[in-house]
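Sequence order for the protein chains is E and X.
Using the working numbering, the first residue of the first sequence is number 1, and each one after it goes up by one.
Using the working numbering, the first residue of the second sequence is number 1001, and each one after it goes up by one.
Just so you know, the hints here were simulated from the structure itself, not pulled from any lab data.
Glycine included, C-beta positions come from ideal geometry on N, C-alpha and C.
A hint or two may mislead.
Which bits of chain E does chain X cover? Going by a derived footprint, with three or more residues having C-beta under 8 Å, they are [unchecked claim]:
| no. | region |
| --- | --- |
| 1 | 65–78 |
| 2 | 84–95 |
| 3 | 104–118 |
Derived pair list, reagent style DSSO-like, types lysine-lysine, alpha-carbon separation capped at 30 Å [as the list claims (entries may be wrong)]:
| no. | chain 1 | residue 1 | chain 2 | residue 2 |
| --- | --- | --- | --- | --- |
| 4 | E | 221 | E | 83 |
| 5 | E | 135 | E | 93 |
| 6 | E | 93 | E | 32 |
| 7 | E | 187 | E | 93 |
| 8 | E | 137 | X | 1009 |
| 9 | E | 83 | X | 1010 |
| 10 | E | 123 | E | 83 |
| 11 | E | 83 | E | 187 |
| 12 | X | 1010 | E | 135 |
| 13 | X | 1011 | E | 137 |
| 14 | E | 114 | E | 137 |
| 15 | X | 1010 | E | 93 |
| 16 | E | 187 | E | 221 |
| 17 | E | 93 | E | 137 |
| 18 | E | 226 | E | 187 |
| 19 | E | 135 | E | 123 |
| 20 | E | 32 | E | 83 |
| 21 | X | 1010 | E | 137 |
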Amino acid sequence: MAETHETILEIQDISKNFGGIRAVDELTFDVKEGEILGLIGPNGSGKTTLFNLITGVYAADSGRIRFQTQDITNELSYRIALKGISRTFQSTKVFQTQTVLDNIATAMIARARKRHISVTRQKVADVLDFTHLGKAKTAIAGDLTHAEQRRLMVAMALVEDPDLLLLDEITAGMSGEECNGMLEMAKRIRDRGTTIVLIEHNMRVAMALSDRIVVLNFGRKIAEGKPEEITTNETVLEAYLGREET
Amino acid sequence: MDFTLDLLKKKSTYVFLAAFIFVVILPHYSSSYVLRVMITMASGIIAAMCLNVVLGYMGYPSLCQNVFYGVGAYTMALATVKLGFSPWTALVLSPIVTFIIGYLAAIPFLKLRSMFFAICTLAFTGVVSAILVNLPKITGSNAGLRGIPRLVKSDINFFYLEIALILVILVLTVLMSHSFWGKILIAIREDEDLAPHLGINTTRYKRLTFAATSAATGVAGAIFFSYQTYISSNYFTIGMSFTALAVAVVGGGGTALGPIFGGLVVVGAPEAFRGMTEGMTLWRPSFVGAVLVLVILLSPGGVVGIFQNLVGYFRKRGAN
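The shape of chain E in the complex, shown without the other chains:
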């Protein structure tokens, strides 16, 4: 399904240095509309740095990032969010002392277009339903379980229907069952028409979920392709398992 669609995000020769360390090294790849693109690689391979570059947390040293038709390289975070890119974080980020509803309301404030209040109510109801948080809506976010907090983080990213959703290890710290629920949710998000780029540590999860996969190592792209191509790729296996000394 991926091939027939247009490019929504274009990463072009993007580089980022931290002191002497090259975290992202002349990275180039495209994300097609409607697909789930998996971003995998060993620890420190530059996955989260790339998310931070896309969402304006860091400024790129060189290269360009285009979203839809606009150049968003080194744009401010809030402007990027307003253009329709949402993200979640590796470590859970929600407004701890606020209720679930207040968290979602805060997520809507800046991005909501002028519309009737009933539309807003419907959106809140939908997103609560979608993330199975309906029963917890008046609970304080800090009192929720880890899995619920992570679902809330997704709900906040999702509520204003972004065109592109960046998921940074959504299953981090979750049990097997919670994990499956999260993966099923990611698929449902894709079925709504939202393009997803996801970082995943768990290879099995990444393979099961992604339409295409980009593999990073030391900030460079070492492979790109369908999950089945990646599992047999020599370079990838080497990066993950190490080279056998002879």
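Given chain E's structure and the hints, the job is docking chain X onto it.
Showing chain X alone in chain E's frame:
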């Protein structure tokens, strides 16, 4: 309309009205000394209410309230004494000047967070008091400026002027806390790194909030020194910033009414002891410190927190 009806149903509305009437009548039966204490207390409460928005809602521990209080006061003094404006014109100028200075200070300061921000605002206080002392031709330095015209004639009216300002700030704070603006400030306090990814321009809201609260503090300074008719650089020491901080924290950070209770305890209570002996005056800072430590230890929610706990306790007992 619903909002008005809700207010009529609440007990707290009547408690508030009773308190308000009490405050309005009180100065008519007070000695001029007590009235002076009340006027001082009210201006401290205003400074703390403004700090409360920055600290309690937005989460930035500012230690430069006295700078904006001072800028407002000096705008009043210089505009009237040196430039010959009427005090009411000067009262309009004060918030404008403090807003601009507050906004300019916010640009570098609000890039810092937590204690780095606190240290920077503390240093700002030092810089501004040095300027006040070292420009005797303009500010009058330690000798000060005399003959600031009074906004209103009687002391009681000065008190009412401050009460009016307190009410305005109170209403604005409550409205703000129920609006998108309040949600944004809380978002900044809770997780400033998350907010921009929800499309919130945190920088803009931080700067505008800081500048707006500075302006309101400036008005308090202008009113107080018009009442006093005399100003000198001695008034603007770091102590006043700490008092504002103590008032905000003791009252209960992030609640609209908190600073009012805080002001009564931190500024009011030491005054009650003042009459006893001369020596007690020296103990005032210790008293403020001790109250601050006690409240933080016993009730992190401040005086308002204690009330809320008490109400909760009696409700529970009633239910059983």
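Against the structure, the hints come out as follows:
1. 65–78: That given contact holds, which follows from 3 residues of the region 65–78 of chain E lying within Cβ reach (below 8 Å) of chain X.
2. 84–95: holds (count 6)
3. 104–118: holds (count 6)
4. E:221 to E:83: Holds, at roughly 27 Å.
5. E:135 to E:93: Holds: residue 135 of chain E and residue 93 of chain E sit about 21 Å apart, inside 30 Å.
6. E:93 to E:32: 27 Å, holds
7. E:187 to E:93: Holds, at roughly 22 Å.
8. E:137 to X:1009: 27 Å, holds
9. E:83 to X:1010: 44 Å, violated
10. E:123 to E:83: The hint holds at about 19 Å.
11. E:83 to E:187: 23 Å, holds
12. X:1010 to E:135: Judged against 30 Å, a Cα distance of about 29 Å means the pair holds.
13. X:1011 to E:137: Distance ~28 Å between residue 1011 of chain X and residue 137 of chain E Cα, so the pair holds.
14. E:114 to E:137: Distance ~24 Å between residue 114 of chain E and residue 137 of chain E Cα, so the pair holds.
15. X:1010 to E:93: Not satisfied, since the Cα-Cα distance of roughly 36 Å exceeds 30 Å.
16. E:187 to E:221: 25 Å, holds
17. E:93 to E:137: Holds. Residue 93 of chain E to residue 137 of chain E sits at ~17 Å (cutoff 30 Å).
18. E:226 to E:187: Between residue 226 of chain E and residue 187 of chain E the Cα gap is close to 17 Å, so the pair holds against 30 Å.
19. E:135 to E:123: 16 Å, holds
20. E:32 to E:83: 17 Å, holds
21. X:1010 to E:137: Within the cut-off at roughly 26 Å; holds.
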